[in-house]
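Enquirer: Since chain A is already given, all that's left is putting chain B on it; use the hints.
Number of protein chains: 2
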Amino acid sequence: MNALLTDLYELNMAASYLRRGMHAPATFSLFVRSLPARRGFLVAAGLEDCLDFLESFGFSEAGLAYARDSLGFEERDLEAFRRLRFTGDVWAVPEGTVVLAGEPLLEVTAPMAEAQLVETFLLNQVTFQTTVASKAARCRVAARGRDLVDFAFRRTQGIEAGLAAARLSAMVGFAATSNVEAARRFGLRAAGTMAHSYIEAFPTEAEAFGAFADDFPGRTTFLVDTYDTLAGVRAVIELIRRRHLAEGLAVRLDSGDLGELAGQARALLDGAGLHQVRILASGGLDELDIDDLVRAGAPIDAFGVGTKMGVSADHPYLDTAYKLVQLGDRPVMKLSAGKVSAPGPKQVFRRGRMEDVIGLRSEAPPAGSAPLLVPVMTGGRRVLGRERLEAARGRFEADLARLPEPALDLRAPSGPQPVASAALVELTEQTRERLAAIRQGGAG
Amino acid sequence: MNALLTDLYELNMAASYLRRGMHAPATFSLFVRSLPARRGFLVAAGLEDCLDFLESFGFSEAGLAYARDSLGFEERDLEAFRRLRFTGDVWAVPEGTVVLAGEPLLEVTAPMAEAQLVETFLLNQVTFQTTVASKAARCRVAARGRDLVDFAFRRTQGIEAGLAAARLSAMVGFAATSNVEAARRFGLRAAGTMAHSYIEAFPTEAEAFGAFADDFPGRTTFLVDTYDTLAGVRAVIELIRRRHLAEGLAVRLDSGDLGELAGQARALLDGAGLHQVRILASGGLDELDIDDLVRAGAPIDAFGVGTKMGVSADHPYLDTAYKLVQLGDRPVMKLSAGKVSAPGPKQVFRRGRMEDVIGLRSEAPPAGSAPLLVPVMTGGRRVLGRERLEAARGRFEADLARLPEPALDLRAPSGPQPVASAALVELTEQTRERLAAIRQGGAG
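Quick mapping for you: the protein sequence lines, in order, are chains A and B. Residue numbers for the first sequence, in my numbering: 1 to 444. Residue numbers for the second sequence, in my numbering: 1001 to 1444.
Just chain A, with the same shape it has in the complex (with noise of 0.2 Å):
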């Protein structure tokens, strides 16, 4: 893939590392420095359009010509850049695993000039969709168990989010999506009913839900909030009986007191004997408003979610930071105000119910534990082909029926802490000592 996607610094290192002749492998460390006040944990994701870059990785004619012409880079460096392709190791949390801060979601071992050319396009797909599939966690975790739909497509930040957004919110347990390319693409389910145009299109609401029925039996919403929700309730009633519709029958509410007139919906279904008939809900919704509907009772039997799912609208971004930890041999830690990172290749290993310690790569695991992160390339290569949705979906199931029960709270969350392993603040304080000594004039 085009290794423009980049920032200019990073070319800027990579040539100078290049000129210099700095192969050194270096591993860099790609993690969530500290979670927002809501999120009680997180569920990582990116890593599989991380792994389709790295593979591809490589500079066109056009990005060389662009290089020289426009940003003053020398021969000397386009020849470098040329033979450029991403040869390195990559560990990684494979993708629905649950992440907690600090933790490394992804770290990369190459020489330096690769390591870092990549630094951008890892940050920037780990950071987006290890955001969103955390957001679409929480409206699951909010449904207790009712169906979820994606209805984000038209309000995420461009066309490639909305394809993520159905592809993690799938990845979580959302059971469709509205977007017909990203259902295409990834297997889902697609689903979708009718908009208010399609109301307004026919003379009459009563009309417009007969040619629906007509042209979509079988998989017919109505959606009855046009004019008057209730009244298109009964008009939704006085069709089903004279048409004696029977099957994939449902009302959609996308606006006014949803709790209260999911009741009333529910009521008038049920008193004419319309047992079958589901109540979907949608219009702006949340997780915590989906978490107050259920609290209350209310008769709902699918929410639509849609774009503050697929912006992560109270948090869009994560603090992640992508920081060399190791050159050649040397463990190396940045001691920045407020962004002080621990040296060294980790792992993560996990027991019980997330007791996790954050470890060097190299120690043993304590007992009773398994490490988080697993060798997904080596040598520029995926070590096993690109992963099933369904594995990251298992693989979530998982995780959220062995997270503690704070943790899943959603306005004041307490989610479990990991902690350092011995040998990582034994590695921590010797690297701080040397780089002390180094800002007071000595050698590294």
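In case anyone wonders, no lab produced these hints; they're calculated from the structure. Beta carbons are placed, not taken as given, at the ideal position from N, Cα and C, and that holds for glycine. Fair warning: there could be bad hints in the mix.
What the hints assert, rightly or not - Partial list, computed: chain B residues near chain A (C-beta under 10 Å):
id, residue
1, Asp1007
2, Glu1010
3, Phe1128
4, Glu1181
5, Phe1186
6, Met1194
7, Glu1238
8, Arg1241
9, Arg1243
10, Lys1323
11, Leu1384
Stated by the list, open to error - Derived DEER-like restraints, expressed as beta-carbon distance ranges:
id, chain 1, residue 1, chain 2, residue 2, range
12, B, Ala1313, A, Gly297, 33 to 39 Å
13, A, Gly379, B, Val1374, 53 to 59 Å
14, A, Ala246, B, Glu1079, 50 to 56 Å
15, B, Ser1060, A, Gly394, 54 to 60 Å
16, A, Arg295, B, Arg1382, 24 to 30 Å
17, B, Arg1082, A, Arg295, 46 to 52 Å
18, B, Ala1412, A, Ala436, 51 to 57 Å
19, B, Gly1380, A, Gly297, 35 to 41 Å
20, B, Arg1076, A, Asp409, 49 to 55 Å
What the hints assert, rightly or not - In silico negatives: residues of chain B with every beta carbon more than 12 Å from chain A:
id, residue
21, Glu1048
22, Val1180
23, Ala1183
24, Thr1226
25, Ala1272
26, Met1333
27, Leu1335
28, Val1357
29, Arg1361
30, Ala1364
31, Ala1401
32, Ala1407
Expert: For chain B alone, coordinates are given in the frame of chain A:
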């Protein structure tokens, strides 16, 4: 472009219209219902990508096969889909124009099925791009003439979003972007320095600074906060003196109290006679941070603005709608609770300092006013070619100068409020009455 980039309900409705021969031209109006509390104005954006989409709109054979095999559409639907192109007319507010709540950004008039199928893509692009352009414009207001550089790429919601953020921030006056591919694609100035990892890759900070100055003479920004910011500045001064460096020099502060450190760095530099060395500040900044720093008189020459601009962190979407306002010769409106829309194709008449009147497209402009919406597409073809970014930038500059001061307040803005014309008020009342009659069982 791929017609499956839509919501399933659009396909359902389109198929129904096509089967029923409902080809009457429909007009849909795309607008922002209300502004977030902190926004005194918006900057229209996304139009050019919408027009690209409309010009190339169509179903692929793969898309049709999916519609048949997985979505249950019939052969007659596929035949109709296969022939479908976008043949409609579009009126729109050109990119870079300042717009207010309720003002149509774009109006589509096309046979019902076409106008409906393109809804999702148009909403996506206009919502996202207007959100980000408006957020970047706030940074522009805050910076009061100091340079701004887009650093957002690593944490935007996807790669497409990162490319768009670079273009949109340039549209509202950012001086440069770190995003190399965006710079190439849109003809922007690329800017870049070094990362902390570069410093860490050398035995000492001084050696890293020296290597970078060797490699990039004339365009050297030194990142000084890896170990200790002021020690870093002293190392830069020492290097500049020893090497007699003179041009394109700057230091970058990326952590700590930026105002305080900028003052101290400036004093050190000035004390050494290095008045020409600029100071660039970055690190999680948003427009309010920039505003605080500028008001406090911090000697910062340029701000690197990243994530919070690129995702519009405080409000990552807008409350956009795409509403049917006319069908054939019949004005239409929606009466759903809290979502009432006004009928008829519209125009915005602007005069003075954004004293806007929202009226009907068919109205004569009030004296001294100019219309905001212009015809941009007729019969599915652009009226003009793809517009150059400079035109949008010029439009934004002119509008920014025209905005009243209270609209520019970043914390509690009081923007101009458009009013409805007498003709629009009258049509709204008539339409409401006609629809109320329908609700009570009469014909439309």
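Enquirer: Run through the hints listed earlier and report the numbers of any the structure violates, in increasing order.
Expert: 5, 7, 8, 9, 11, 14, 15, 16, 18, 19, 22, 23, 24, 26 and 27
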